[in-house]
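Number of protein chains: 2
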Amino acid sequence: MSVLNPSLPVREQMEALIRAKQLEICKGLETLDTKKFKADEWTRGNNGGGGKSMVLQDGETFEKAGVNISVVHGPLPHAAIEKMKNDHKDIKVDQNGEVTFFACGLSMVIHPINPHAPTMHLNYRYFEILNNDGSVQTWWFGGGADLTPSYLYIDDAKHFHKLHKDALDPFGLELYPEFKIWCDNYFKITHRNETRGVGGIFYDDFNKIDAQKCLEMSESCLNAMLPSYLPLIAKRKDMPFTEKEKEWQQIRRGRYVEFNLVYDRGTKFGLQTPNSRIESILMSMPKTATWLYNHEPEEGSREAELLKVTRNPINWV
Amino acid sequence: MSVLNPSLPVREQMEALIRAKQLEICKGLETLDTKKFKADEWTRGNNGGGGKSMVLQDGETFEKAGVNISVVHGPLPHAAIEKMKNDHKDIKVDQNGEVTFFACGLSMVIHPINPHAPTMHLNYRYFEILNNDGSVQTWWFGGGADLTPSYLYIDDAKHFHKLHKDALDPFGLELYPEFKIWCDNYFKITHRNETRGVGGIFYDDFNKIDAQKCLEMSESCLNAMLPSYLPLIAKRKDMPFTEKEKEWQQIRRGRYVEFNLVYDRGTKFGLQTPNSRIESILMSMPKTATWLYNHEPEEGSREAELLKVTRNPINWV
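Taken in sequence, the protein lines are chains A and B.
Under numbering that gives the first Met the number 0, residues 0 to 316 are what the first sequence spells out, in order.
Under numbering that gives the first Met the number 0, residues 0 to 316 are what the second sequence spells out, in order.
Be aware that a few hints might be false.
Note that identical chains are pooled: a pair holds if it fits in a single copy or bridges any two copies.
What the hints assert, rightly or not - Under the rule of at most 30 Å between Cα atoms (straight-line distance), these lysine-lysine pairs were calculated in the BS3-like manner:
#, residue 1, residue 2
1, K243, K51
2, K82, K267
3, K236, K187
4, K157, K88
5, K307, K37
6, K84, K187
7, K307, K51
8, K243, K157
9, K88, K307
10, K91, K34
11, K91, K212
12, K236, K157
13, K243, K286
14, K35, K51
15, K161, K207
To be clear, the hints were calculated from the coordinates, so they are not data collected in a lab.
My request is simple: use the sequences and hints to build the entire structure.
As structure tokens, this is what we get:
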């Protein structure tokens, strides 16, 4: 059943959607852990909005799981306006070179304990640039979900991709193939020539279909989260593992940190935004990570198998 | 005794200096560990030079210690030229908009195991921009050393700063105060409003005194490394520590990672440079790091004492 109500403005529907999905996702994840999420509400200075972080740390299954929503607005920093103009040349600033924005979104990163259980990230967001009279000047949606295993399980990757393809197909059969490649390109650790994991979907600056359809698409993708991920965790969370496998997971988490801090646009935008909430932005970091000098897995090993896939992305469905 | 020979070109002297100091520093550090450094030579593609990494991992005292020299040259990437022009407006590119560089330097990061023993970083480097005929168009030196404790020991900070002041004073009494503030400003984790540690010295684009004097200054600072650091490690490496103290160290290492990946110019330059050696650039990373959601030390605790100093840098000498 949809939580969307087309009689309301888009931003209100999106806010209702992310609030509902945050609770639903947390509840779903809690079915696989004995520990519960803790809520933590926060506000941005100067009436700039706020958000709610739900965090589960040191669980039985999940080492660190964060599900965050934010609804923020206010003047956009000048540096951000300049960057944004690269993709939105039509943004009109006022006589002081300023512009006001509204943004809301849900973001989530789950790092399980077991090295055979994959990390999952998702983020669905809606962005508006406003005129001085408060009317919407331009808007777009962004989003995506991706899977980062330390060990490759082909069936897991296929399942994850299949469910995201199914979520997108009703909105255009061209979307999944486009968003799949976008994801491989976006989550690329360029200096390593590796993708972060086995990918998923990613899109940004999206306003090709009407806003109500975009909302429905966001909801459809958000609905894919639990069925695409929970079965993988259920299958992997109690698998036996060795110290060496745990160490490999820690090395892969180091790569996760490298991607987030060096490349991720959302993280970089957040760290540069005055009064942003650092703890919610860096909630995506794993609890622990390792860097070993010059570590290279043995040829033919399970570790090398994963690396191969990150260097040559595969079409899973 | 100086290893400099003023009858040789500056670049050859600098190369001889960093080669000699790399060995000396490694030998000095080995006196406090049962494990030895391992050498690892590497070359950059297309005759672009190379380097030698010395790494000690999983020692008794040092968790991860890296001492790296590099001597690299070749065409400068266009993005790097643009950035460099901010500080060196007089750089003349050739008709293709290209320019050749030569750079050599020694960089070092030492992460000890004991949370009471501080991390130390240093980097001394020399940079030349060349004309098409191979003559030097412009040159500068850069360098610095800084101390990153997890627990504040005032005497350690004073000792470290005092020896670096002593190393600089013969070259101008104004240098230490200037480089001390530069260091506090440079090693700043802006999004946390924290410095990385208790600072030290930092300078860049330095050519205010003649090149031979700059070489002597680099040597003098490099000579301060062992006496400024070894006594601190000798004092702290066998101190008893709790699990909580180890965790705090891991959280501080997370901050170290944040600084290196988000702000450090050398790391960013390296990651963007084609054919650069990633493992040598990221040798500076700690072996392990932790991110806990919303961790804030108790008021009045030893942990809070350190944070206070990182938020309000102190004049140690």
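Against the structure, the hints come out as follows:
no. : hint        : result
1   : K243 x K51  : between (37 Å within a copy, 28 Å between copies)
2   : K82 x K267  : both (12 Å within a copy, 19 Å between copies)
3   : K236 x K187 : within (27 Å within a copy, 39 Å between copies)
4   : K157 x K88  : neither (38 Å within a copy, 53 Å between copies)
5   : K307 x K37  : between (38 Å within a copy, 28 Å between copies)
6   : K84 x K187  : both (23 Å within a copy, 29 Å between copies)
7   : K307 x K51  : between (38 Å within a copy, 28 Å between copies)
8   : K243 x K157 : within (26 Å within a copy, 42 Å between copies)
9   : K88 x K307  : neither (39 Å within a copy, 44 Å between copies)
10  : K91 x K34   : neither (48 Å within a copy, 62 Å between copies)
11  : K91 x K212  : within (26 Å within a copy, 54 Å between copies)
12  : K236 x K157 : within (19 Å within a copy, 50 Å between copies)
13  : K243 x K286 : both (18 Å within a copy, 15 Å between copies)
14  : K35 x K51   : within (15 Å within a copy, 49 Å between copies)
15  : K161 x K207 : within (23 Å within a copy, 63 Å between copies)
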